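Note that the numbering used here has the sequence shown beginning at 1266, numbered continuously upward.
Because the hints were derived from the structure by calculation, they are not lab data.
What you are looking at is a predicted structure, and each value in this text was computed from that prediction instead of being measured.
Worth double-checking, as some hints may not be accurate.
Now the in silico label distances, taken between C-beta atoms and shown as ranges [as the list claims (entries may be wrong)]: (1) P1607 - Q1437: 26 to 34 Å; (2) S1656 - R1341: 20 to 28 Å; (3) R1398 - P1612: 41 to 49 Å; (4) Y1649 - G1420: 30 to 38 Å; (5) S1656 - G1559: 22 to 30 Å; (6) E1461 - W1433: 45 to 53 Å; (7) G1420 - D1351: 25 to 33 Å; (8) R1401 - L1480: 35 to 43 Å; (9) Q1419 - P1638: 38 to 46 Å.
Glycine included, every Cβ here is placed at the ideal spot set by N, Cα and C.
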Amino acid sequence: MRPSLSRGFASIFPISTTAPALRRSCASARQSPPSSSPMAPLAEPLTGGFPCRSVIHPGVPRRGRGIPMANHAQRRLRIGYLGIPDRPGTGAFVYAQALLATMRRRHEVIPMRHGTEALCDLLHLLEPKFLPRSFRIDRICAPLILDLHDHYWQGVSYPCVDRPLRSWAAFQRRRRLSRLLTGASRILVHSPSVAEAVGREGVTCVPYGLPPDPLLVRPRSSPPPSPSQEVLFVGRDALRKGLPLLFEALDRLLREGTPGIEGVHLTVIGREYPHSRLFLRLAAVGLPVTFLGGLSRQEVIEHLRHAALLVLPAHTEAFGIVLLEAMALGVPIVTTRAGGIPDVVVPGESALLVPPGDAAALARAIERVLTSPHLVHRLREGGYRRLERFSWDGMIERIDSLYRETVEWNRSNQRKGQLRLHRPHPPSSRARTRQ
1266 MRPSLSRGFA SIFPISTTAP ALRRSCASAR QSPPSSSPMA PLAEPLTGGF
1316 PCRSVIHPGV PRRGRGIPMA NHAQRRLRIG YLGIPDRPGT GAFVYAQALL
1366 ATMRRRHEVI PMRHGTEALC DLLHLLEPKF LPRSFRIDRI CAPLILDLHD
1416 HYWQGVSYPC VDRPLRSWAA FQRRRRLSRL LTGASRILVH SPSVAEAVGR
1466 EGVTCVPYGL PPDPLLVRPR SSPPPSPSQE VLFVGRDALR KGLPLLFEAL
1516 DRLLREGTPG IEGVHLTVIG REYPHSRLFL RLAAVGLPVT FLGGLSRQEV
1566 IEHLRHAALL VLPAHTEAFG IVLLEAMALG VPIVTTRAGG IPDVVVPGES
1616 ALLVPPGDAA ALARAIERVL TSPHLVHRLR EGGYRRLERF SWDGMIERID
1666 SLYRETVEWN RSNQRKGQLR LHRPHPPSSR ARTRQ
């Protein structure tokens, strides 16, 4: 007996794995008119008799073609998330975990490794560094939003003891990112400095927002200046963030014997690579420095709450989420005019900024904060005002709008008969910065 059409079709698409996904994705099309596609009758045995609105292309297509789309714009999307950071203590980890928790209340969130595990409306690559080596962008099942958090892949332009190793790592990142940048439908960045480093169309800049946290609630009344002389440094890559420069500035302050800073003490928080940790400990010999290593987010916030000021003497920095946390707690900030930092803080109003690599200017700024209660009050109030521009809800709304714009753009391409689900950098998306 001649095999049925559905059985022949099932030989191409395994029923046990494909049919449930197609049934779920076609459920929204239950009440819609039948598809005009000549291949629609072939899809009905797989979709339980529900008319599928998308076009299933003949032959053996790549996975992901023929994803049904609903008419209403505010439906729950099926979003696959790739490259989920699993390294606590980094800004990308804090951002990714809070984003996933928020998006689960809006959409169907599907963690993935390769982007081919399930049918989705959209894929969001949270951190390219956490992609498996087996990932291939030409096999993904939906349009891809590439999330870039930094521009360190451009090269190493700051003093460090492991420059050859860092240069090799930056070269490897550039090789991989070149393919991702070419194949992504949209590129999401969080700082104008990163958008400038990408330097191509299809870039949307959405500044980070501070995730809601009961530990970061602003006090009702402005607290008095901290009686401690604790200077706090928070960061994982201490060489790039300029910790040796801070050692030099601290040594200058102690040798000069400025009144009012006799009890100054530096606390360093952050997990380091073994060779960097050894170098930093040797560089801090003879200085009042305590290394605490990697701490939990709650412990970091507790140290911030009791610190006299936060110092981030970075040679280059894409954003600096710790700056938002310090402003939320009313901690004065001394940092540099590097990378995206000037886009986060207002010089002289919410932080004191010095040129990168200038130890003398850094020492003077630290001295001013430790000896001037009036300056501390001004920086604290300026930080509260500045923090209002970095709302978590505002960031989520912008990212959600980007999701829906990308899905709608992909659907319009399907209507026009384009066989690919996505192509790099849609013409309607110009490089822009959303403030």
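So, going through the hints one by one against the coordinates:
The hinted range of 26 to 34 Å is satisfied by P1607 and Q1437, whose Cβ atoms lie roughly 30 Å apart. Between S1656 and R1341 the CB atoms are about 23 Å apart, so this pair conforms to the stated range of 20 to 28 Å. A hinted range of 41 to 49 Å for the beta carbons of R1398 and P1612 is consistent with their spacing of about 43 Å. The given range of 30 to 38 Å is respected by Y1649 and G1420, whose C-beta atoms sit roughly 37 Å from each other.
Between S1656 and G1559 the C-beta distance comes to about 28 Å, which sits within the given range of 22 to 30 Å. At roughly 24 Å, the beta carbons of E1461 and W1433 sit outside the given window of 45 to 53 Å. The hinted window of 25 to 33 Å between G1420 and D1351 holds, with their beta carbons roughly 27 Å apart. A beta carbon spacing of about 41 Å between R1401 and L1480 agrees with the range 35 to 43 Å that was offered as a hint.
With their beta carbons about 41 Å apart, Q1419 and P1638 fall inside the hinted range of 38 to 46 Å.
The structure fails to meet hint 6 from the earlier list, while all remaining hints are met.
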